[in-house]
Structure formats: C-alpha cells, structure tokens
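A.B. asks: All chains should be built: construct the whole structure from the sequences, respecting the hints.
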Amino acid sequence: MAPDRENPNHHPPPKPYTPPSPPPPSPPPPPDPTATRRSTHTAHTTHTHIAGIPLPDSALAREATDLIRNTTDALIYHHSRRVYLFGARHGRERNLPFDAELLYIAALFHGLGLTDRFHGSRQRFELDGADEARSFLAARGAPTARTHLTWQAIALHTTPQVPHRMAPEIALLAVGYELDVLGIGYATLPPDTRDEILTAHPRPGFKRHILRAYHRALARRPETALGTPLADVLTRLDPDHIRPDFVRILEDSAWPE
1 MAPDRENPNH
11 HPPPKPYTPP
21 SPPPPSPPPP
31 PDPTATRRST
41 HTAHTTHTHI
51 AGIPLPDSAL
61 AREATDLIRN
71 TTDALIYHHS
81 RRVYLFGARH
91 GRERNLPFDA
101 ELLYIAALFH
111 GLGLTDRFHG
121 SRQRFELDGA
131 DEARSFLAAR
141 GAPTARTHLT
151 WQAIALHTTP
161 QVPHRMAPEI
171 ALLAVGYELD
181 VLGIGYATLP
191 PDTRDEILTA
201 HPRPGFKRHI
211 LRAYHRALAR
221 RPETALGTPL
231 ADVLTRLDPD
241 HIRPDFVRIL
251 EDSAWPE
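For the sequence shown, position 35 (counting from the first letter as 1) is numbered 35 according to the working numbering, and the numbering increases by one without interruption.
If you're looking for bench data, these hints aren't it; they were derived computationally from the structure.
One or more hints might be untrue.
Calculated lysine to any residue pairs in the SDA-like style (CA-CA distance at most 20 Å, straight line) [said to hold, decoys possible]:
hint, residue 1, residue 2
1, Lys207, Asp195
2, Lys207, Glu223
3, Lys207, Ile184
From a predicted model like this one, the values you see are computed outputs, not experimental measurements.
C.D. replies: Shown next, in the form of structure tokens:
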C-alpha cells in the first residue's frame, strides 16, 4: 500500500510560547510570541520523496516521525526534517554508503533537547536528544551498534570538524545541521532543490527563532555551553551572562604548576 502524502502547504498555526519559571540564578529570556508551543499536524502522513530524496518509510521511521511531530513545535520539526534532507542529499551526491533510516532518526531527535521538556536538564542539550534517541531505539529492539551510532551522531552534531572524520551517518547529520543553521554549503544547493525542500518544510524567521530556542535552552544551564560554539548565543542574547574563561579556569586550578 502506498503511503499517504503530507500536504506541504499545511503548517501548524502559531500559538503563544510561555516559558516555564527558570531556576536561579539564570533569568529566563523573554518569550517568543511567534513561536508555536506544539506542532499541530492532524494528518499522520509523510512524503515518500522530497526534491528527489527518499524519506524512510519503515514502521520505525513512521513512529519516530509521529513522536517528534507531536512532541515538538513547528520550528524543531521542520528544522529536523530539513537536516535529514540536506544530509541525505550530500551523501547521495557523493555516493556515500549510509543508513538512511538511522540518519533520519538521528535528525528527528537531534533538536529534542531544545524543547520545554528538557528545560530542567543540567547536561548539554545535545545529550538530551541523544539519550532519548537511544532509549527510543533500544525499546524497539534496535541493535546496540545502530543505537550507539545514532547516539554519537546526535551528541556530536554541533561539534566542529570531528563528526566529518567519523561514520557517514555521523558526518551527514553534521553536514545537514551546518547547512540548515549556519549556511555552510548553501552555494552548492541547487535553487530548485532548495525551493522544493522549503515548500515542504518552510523556515520563516528561522534565524531569529532558532537563536531564541538555543537561548531558552542554554540560559538555564549556561555551564554546558563552555567550549562550544553555542557559547556565543549567551554572549549575544544575555547581557548579564559572564562567559567562563578557559584560560582563567586553567590558571586557577588546584595544580601549583
């Protein structure tokens, strides 16, 4: 039986975002009135291809799609699907052998740590998504090797350079993330491919909204941004943030020399 087709013009209506009260000492950033609290897709359907790129349609992939669609907002859902599409396209263009289902699930879960559910977490948001993906796969009998590979891909997706030296699925998740968030590789994306992907998964105001999502997640656990590129988010958006100084930490350590 052929899968139903998702209506690419159906996007969830915006709902006001109301952040939870943060624990001290970090104050919450102002709420984003244009952000959606939750994706409200009513049809549990999926494309089979977008821009010529096949989307996994296994029972596992469909279950993961429904889970992320129903537990994240439109910002994270569309971002996650674009990350898969950009990463998979890169792999196909270079004839890389990769597990499309694994890459797809890693892409779906990679931004889960940015959602309200994890605002009380004290670990890096990347680890929240990685841990959830591992639990999801393990509960469904996935082999340990695939589960661990998915965990690694998500845990490392914001780390510069390192993922590109690892397994194809790890590298391709980083490629998709870097293209969608940082624009790395944008010039290599044909306009018709870009337009078809954005028709299915639009990104209105994405730069502004994703920065706010990072800020909401990091403001409650600023120590987790130390040594990561995302430390810049707190420096830019939180005027009261005092950025940890690596050199000072080293010099002030208990070692006499």
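A.B. asks: All hints are to be evaluated individually against the structure, with a verdict given for each.
C.D. replies: Results of checking the hints against the structure:
Under the criterion of a C-alpha separation no larger than 20 Å, the hint pairing lysine 207 with aspartate 195 is consistent with the structure, at around 17 Å. Note on lysine 207 and glutamate 223: the hinted pairing is violated, with a Cα-Cα distance of about 23 Å set against a maximum of 20 Å. Annotation: proposed proximity of lysine 207 to isoleucine 184 holds, straight-line Cα distance about 14 Å (limit 20 Å).
The structure shown violates just one earlier hint, number 2.
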